Structures are given as structure tokens and as C-alpha cells.
Amino acid sequence: MNRLSWFNVVSLTLGFAFLYIPMIILIIFSFNESKLVTVWAGFSTKWYGELVQNEAFLNAAWVTIRVAVFSSTLATILGTAAAYVLVRGGRFFGRTLFSGMIYAPLVMPEVITGLSLLLLFIGIGLDRGIVTIVLAHTTFSMCYVSVVVSSRLVTFDQSLEEAALDLGCSAAQAFRLVTLPIIAPAVISGWLLAFTLSLDDLVIASFTSGPSATTLPIKIFSAVRLGVSPEINALSTIMIAVVTVGVIAASLVSKRAAVRRRLEEQTAARTE
Amino acid sequence: MNSAVFAPWEDPQAKPLIQFQNVSKRFGDFTAIDTLSLDIFEREFFALLGPSGCGKTTMMRMLAGFETPTEGHILLGGQDIDPIPPNKRAVNMMFQSYALFPHLSVWENIAFGLRRDNMPKPDLTARVEEMLRLTRLEQFARRKPHQISGGQRQRVALARSLAKAPKLLLLDEPLGALDKKLRQDTQFELMDIQEKTGTTFVIVTHDQEEAMTVASRVAVMDQGKLMQVATPDRIYENPNSVYVADFIGDVNIISGRATSSAEETYSIEWAEGQAPLTATSATAFSAGQSCHLAIRPEKVTISSERPADAANAIQGKVHDIAYLGNLSTYHVELPDGTIIKAQTANTRRISRRSFTWEDPVWLSWTATAAVLLAA
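Order-wise, the sequence lines are chains P and W. Counting from 1, one number per residue, gives the positions in the first sequence under our numbering. Counting from 1001, one number per residue, gives the positions in the second sequence under our numbering.
The shape of chain W in the complex, shown without the other chains:
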């Protein structure tokens, strides 16, 4: 393993900064978090990803101290932080609404937390100036929050929460209020600032692209449970369940029965009168076990002739075409009515497009392209 790669979660010696130990949180009858254990390491940019109501915000509010676990413990640097109130924790939070104090200037907003610590004046001034520089807000220091734009407000919120140099920074949907273009720029800015300050970031988001872009590891959550915790590429390439595969990006799911055909290779019976599909899998499947085959649209090749050496090839006809500018997604209908999506880059002009509606086409992919998942 290359030691230059940042991956403390691979190192059994590494001490986690945050530990969730069998944490449950219930609100009356509703279980928001269900016996969940998780380690987050120092300097990580960790993303909690899930649909609304999956418990990701509750996790964050427990870290900030606004909620306490019903059962289990949360450790920060080895210390149980459950009894510590929010104002005594070395944890700061950036709120979804930014929660900038409207009656204070940008400068005073950033200085707010430092003043509570009775920081000496010269140090305080230096720290605020440093934060203003980091977030490129020097020229707006004297403005009030309503006198600056949305993107600038987002940066003030970030500067304010970073000013106290917390061990852990929590970001609750930090980019949700920005438009798409600004959001993409800000994602890189966030990563840059995280690297410069070396702070551990935990970000809550429902935007999978955002989580994939910024995070060192992503936790996909559903109904108070962790579905998978892994690096963005592993989550995308090797989802451990249909839920994760479906939640992250676009995916085709084909259901069938797996039979081992060679070592770590399975043939999947999926429809009457169709040749079985071939897929590799490190996970063992018993003979005839029902399974799902998950294939990303961009890994499916579309062609007019059957490719000679394809491991998997199915014929169908073009049902629909979604033109996205840089990409086109072809919805191909198979004889049994199943729709398979295939995505291609539009390297040629649209007038030169090879396929159109109702054209018969062949879909093909390699044996390693798909992920075999237990049903």
C-alpha cells in the first residue's frame, strides 16, 4: 500500500477522532438512528449521504451537542462527549441557513466565537483577518449579511465556524442554497480550505455528486442505518447493495439466478430464451441463488452490429433518447419489455448520430463491468 495515499481507515493502528459506539436515537416512537457504529479519522472529509429523513442530520446534531444519543456513546478523541454541552465542545457547525447574525457585520460575525473565549485583542484581530483572507472576504468585512450575495454569505458562515480552529467542523448541506455553477466552484474551494486548515470535516448532503466530489469517504445512510461506508470510487464501482447502487448515480438492475461457471465468475439466467449473462464477483453465490446485476449506463456499449468478442450482448430497439449535450442516454427496450440505459459521449455532432428512435441495436458490456449483488 502506498503510504502517501491518505487512508487512515485502512490502518488498524490509526486512532479515530470520532467514534460512534452503538448509537441509537429515538424521538418518541420514531427511531432516527438505529444502533450505529462508525469511526471517522482526523483530517478526513467525511460525507453523510442519504435521502431526507435518513438520520444524517440527527447524526450531525448529536456531534454538535444539540441532541444526545438515547443509547450508546459518541467519543471525540477518545473522550465521551455526550454530557458536554454544545458551547463547551471543540466542534463547530456551519448551518444550512448559514445562521449569520443579521445585526452584526461580517467581521463581527467571524469574531463572535473568539470573543466568547476572551481572546486577547491583537490575537483576535489577527485571527479574523486570517479567516477573511482564507475565504477572500477582506473587502466585505464591514458589510452586514444582507449587504452581500449568497455565495459570500456561505463563505462568511464557513469563516465563522472555522475561526475557533475546531477539531471537527460540521457542515449541514453547506451548498444547498447556491445555484449549480456556484456550487461546483465552491466544492473545490471547500476542499482547498479543508486541506489548508487540516480540519476534520463532516458534511451532510443529499446531493450524491457533491459527496463524491468533496469527500475522502462517503457513508450512504437509509432509515437510521449505514448502508455502506467507503471511498467515493468504491461506493460507485462496488456498491454493496441495490440500494447503494441505485442511490449513487444511474444504474440498470437485471434480476436473475446466478450459477458459478468458473472461479469468481458466474453466469446469470435472467430471461426465457435469452443467453445467460456473465459477470465476475468476489462474493460467493450458491448455485441458483437469486441475484441482481447492476450495470452503470456508461459501461454499456451501444452498436448496430453484434460485437464479436463481447462477454454479454443483448439485442433491443431504441425506445427513447435523452440528449444532455455532452452525453446522450439511450433507453433501449429489450424483447421482454425491460428498459436498459446506455450512455455515450457525444464526440460527434448530433446530426451525425448513428441511432434514432426504433432502431434495432446491440447492447454489450464486459464480464467485469457489472456488479453482482445478492437479492
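In isolation and in its complexed conformation, chain P is listed as follows:
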């Protein structure tokens, strides 16, 4: 085994300290007995208890989850369709322009996206609420989905689709029965990406939300302006836990699948 040199140990420690110290502090203080955030007064889980009783936070969480589910689903459908046309649509007029334009929202400042959506919703007289947040989140997350899905489509063996046509599929059947199952992992990771983007988003949501609908990030942000409470720490700790469990589970599943596949391929090659 390679031993780590002292230089590597220092780099590793510094890097990870930089990444994780803020979160660790937050987690520790979520278990603080005292109402004062910066003064430690013993271990307690009372803030978690209070959090469960806080209607406003629970409502905001529910809104956030609904927005994330709807917008990521919508973004996945639109983004996959766009990716398919741009990768497979042949050489139609303006294709290069469209391919470039689909990536533009990735680099556009969120404030501008949010502002332009706000102007649009006011212009067409759409009342701001869950619907407008869903539409706004779909708008900016579909290009992420499109990027993820098109990178999978580029490496996709096109003769698979031709084989499906050759065996009697219509174009729609070929997509449903062959293309979609094969690109499914990319579509799912596109959905997850869109989902987390929607959960995270503060800027665009604050432009497009109305009094009837507040998302959790907006709620936290406005609560913090009145002072950081241990309750917020508890809420944040729960969010960190959920994300951590999700990421570890996903990587374990995909790693196990990869290992199994490699073993099966090795076994198959030996039977030649």
C-alpha cells in the first residue's frame, strides 16, 4: 500500500476541513440546549421537537417537495425530448444555433432568469403561486436534463434503433421499447439533478413565488434575517441527513451494479 506523505495528509485535511467544518458546526449547534446559537449549554433534541410543530416550516417543506417533483418531471420530459431532437434530428436548419441556445440558461445569472420570468408572469396575468414556481424551475432545470441526456445519446449505438426499426417497430415504438430503456439511467439522473436544483433554488423562487406559496429556502432565508435560531439548525441538519443518505445509497447501488456486471462479463468471456 502507498503511505500518504505528510504533504498529502495536510492537503487532504485542509481541503476537507474547508468543506465540512461549517456543516459540522451547524449540526453540533442543532443539538444545543440554549436558545442562543453561539453559546453551548448542553445536549438536547428539543429543537427537532419544536420544528415538527412549526406549521409554517412544514407547509413550506410540502410546497418545496411538490414544486420539485412537478418541475423535475416536466423538465425531464422536455429536456429529454430536446436532447433527442438535437442529437438525432439529423442536420436541420439552425441545429447548431439551437444546440448552443439550450446551454445558455446554464451560464445565465439566476437573477436575470428570475426577473424575466417575473415580467412574463405579470405580462400574461398569471397569479404567482405554486404554478409559477413550477414553471420557472422547469425552465432553468430542463437544460441541465438536456445536457445529461444528450451526453448519453451521443455515445448510444445508433444501430440499436435501426435494429428496432428493422424488426418492425415504428419510430415511436423504437423510442419507447429500445431507446428509452437504454438511456433510462441518464434520464433518472437528469430527474434527480432537476429535483435537487429545484429544492436548492432561492433566487428564482423568490422572484416567482407569491404570498400563497413559500418554499423552504425562502422560508429559511427570511427566518435567518430575523436571527439564526436553533430550529433552523435542526431543519438544516435534517436536510443534510436526507441528502447524505440519498447520495450514499445511490453510489452504493451503482457501484454494486458495476461490480456485478464486470464479473458477469468476465465469466461470459471465459466460456468462449
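If you are wondering where the hints come from, they were derived from the structure by calculation, not from laboratory data. Quantities reported herein were computed from a predicted structural model and do not represent experimental measurements. Note that the Cβ used here is the ideal one computed from N, Cα and C, for glycine as well. Wrong hints could be hidden among the right ones.
[Stated by the list, open to error] Below, a sample of chain W positions facing chain P; criterion: calculated Cβ distance under 8 angstroms:
hint	residue
1	1064
2	1095
3	1117
4	1280
5	1284
6	1287
[To be verified] Derived coverage of chain W by chain P (criterion: at least 3 residues anywhere in the stretch with Cβ under 8 angstroms from a Cβ of chain P; other residues may be distant):
hint	region
7	1101-1113
8	1144-1155
Given the coordinates of chain P, work out where chain W should sit on it, guided by the hints.
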């Protein structure tokens, strides 16, 4: 003519299954297929052979329906198939990459085409089982494509494309991904399956040995044109051009001028101070017409003394020896610097070899051994 021999192309009454009628295909400025006409008959094993970029794959993709001819028509059983999309054609294709659906088992891959036809379940099961038996894949039915070996994948691809009992099966470099030994075994398996099912096969390949082994007729293509269409032995023994002679197998080409010396016999002046060569040819050459003489290395005999009754004999010295195990190819340099290859079977051990580097030797061949081609 023996009627037992399968040769519908010799029979003027026979109706071709596929007809290419003056077909051209252009991609922008590039002409992939250039006014080409060709008939392929039922139950034939037809090979399209040529270097990459010669248009053979385009021919196949037009038959499958993935490309349409720019000009001309393709007829299948007398019907113009140009407007028919790939999923409505009684033509199936085996892809070079096999294109097996990775998310489906071997069984489901084979059943895929049958399901599209809404075949009743008992019939479908019976047909899939039959295909599995034909390709000896019964024990792998439940496996996914990545769980089987390359040779097995090739057989799944074949079974899948044959399952719908197409009128015509297209095979795009079907054995390209297999190693040499497996490829040779599979060639015979392919011929066997073609005979059992009675399907018309059109195979695209750049491997001339493969085309010669499996095909009833071979079409040699170059730059979107057919150079020669004939049975493997005719292509090899009677190539109609230097291109075909050179593409199929190894050949020595000697350039010269032909003069008729007797009926269908010509003497060829080929070098200063050398006796003219003699060759027979059914094709007429005018006096002094420039020509190429094509001789296969295995038809050239190498000896230390001048053979007494040889029609053609040239002296040279051994320049190089390629030892192939079963055969040795001698590269013999003539006085004017030309290299002629002569091939002999190594019937004796290598230590008993009669010739070595720089040995003076005589090369000889009969009057009928070589093919006389117009320049």
C-alpha cells in the same frame, strides 16, 4: 449443364428476387453508388466484397430501407420497395455491432420482432425455441447480452434477424468482431443455417477469404461500381480486370504486348532480351496491344534446373522467403528487378528446403496458368 448445380443466374427463365435497376446514390457531391444494375436470386448466398468506402454498405442499407436510391429502383420479388419503410419490409438485417438490445434477455431479443407482428403466444414461443435450437443457444436463453461471449452474441444476432423468416437476410460484416479461428468455424455454421432455412443471404464483407468461403456468387465492388459478379472460382481463376485479380488473393502482374501466335494463344513481349511468354485467352487481343499477364503464385513452379517442357520459364534469384508454416512464398528477383512470387506447399521439413536466399532458380508455368488482361 447439370441441373443439380445451384446456378439460377445461368437460367434466363429464373426470376430474380432482388433487382437493382440503374441505381445511383449520392450523398451531397459524393457518389456512393454509380448507376448500378444487379440481380440476386432466391436462396443465393451473395457476397458484396470491396475495400471500405466502395459502396457495399450503402447497397445493404438501401436494401434494408435506411437509405433510398437517388436514382433508379430496387425491386424485391418484382415490387418496387423504395417507398416502403424499413419496418414494413420482409427484409431483416444483422448488424456489424450485432445491435443486441442490452436491456433484454437473449430470449426477448429473439422474440422482439415477432412481438411487433402480434404473433400468438404459443406460436411465438415455438418460433423462439426453434431459433434457439438452430443457433445452439438453448442454455443461454435467460442471459443478457453482456453475460455471453462474442461468438454467442453473434449467434443471437443471427437468430434474432432470422426469427421473422425474412425473404432476404442482410449481414453486415457478420464475423468482423470474431477472432480468426472462431470466424472460420462460424463461416461454415452460417452456410449450414442458410441451407437449412433456405433464406436468401446478402453478406457485406471486406474479407475476400470469407466471401470466397461462404458465397454462391461474389460481387467485387470499387468506387460505387461492380467490377465483376461471378462464382468464387471464376472470380479467382478468371478475373476480368487487374483490379479484381489484385483484390482477390495474391497475384503477379507482368505487363507487356500481346501478339496472336495461334488460335486463342498469344505470345507476350515483356522485357528486352527475354523470350516472349505464352498464354491462352478467350478474349481477343489485337497485334501489339498492351496487356497484363496475371499469374497466381501457387501456379508458378520453382526449380533449380530449367524444366524441359515448360511453356514459360524465367530465370531469377531468390530475394526473400516468407515461411507461413504450411506454405512458403519465394520472392524471386528477375534480371530487370521485377519480383515474382512463387508459392509451394511445405511437404518436407524446413531443414530440407531446396532453396535459400540468393540461389539462382527457374520459375515456370503452363500456357493456361495465367490470365491475360487488357491494360
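We went through each hint and held it up to the structure:
1. 1064: holds (6 angstroms)
2. 1095: holds (5 angstroms)
3. 1117: holds (6 angstroms)
4. 1280: violated (48 angstroms)
5. 1284: violated (48 angstroms)
6. 1287: violated (56 angstroms)
7. 1101-1113: That given contact holds, which follows from 5 residues of the region 1101-1113 of chain W lying within Cβ reach (below 8 angstroms) of chain P.
8. 1144-1155: Check passed, 8 qualifying residues.
Of the hints listed earlier, those the structure fails to meet are numbers 4, 5 and 6, in rising order.
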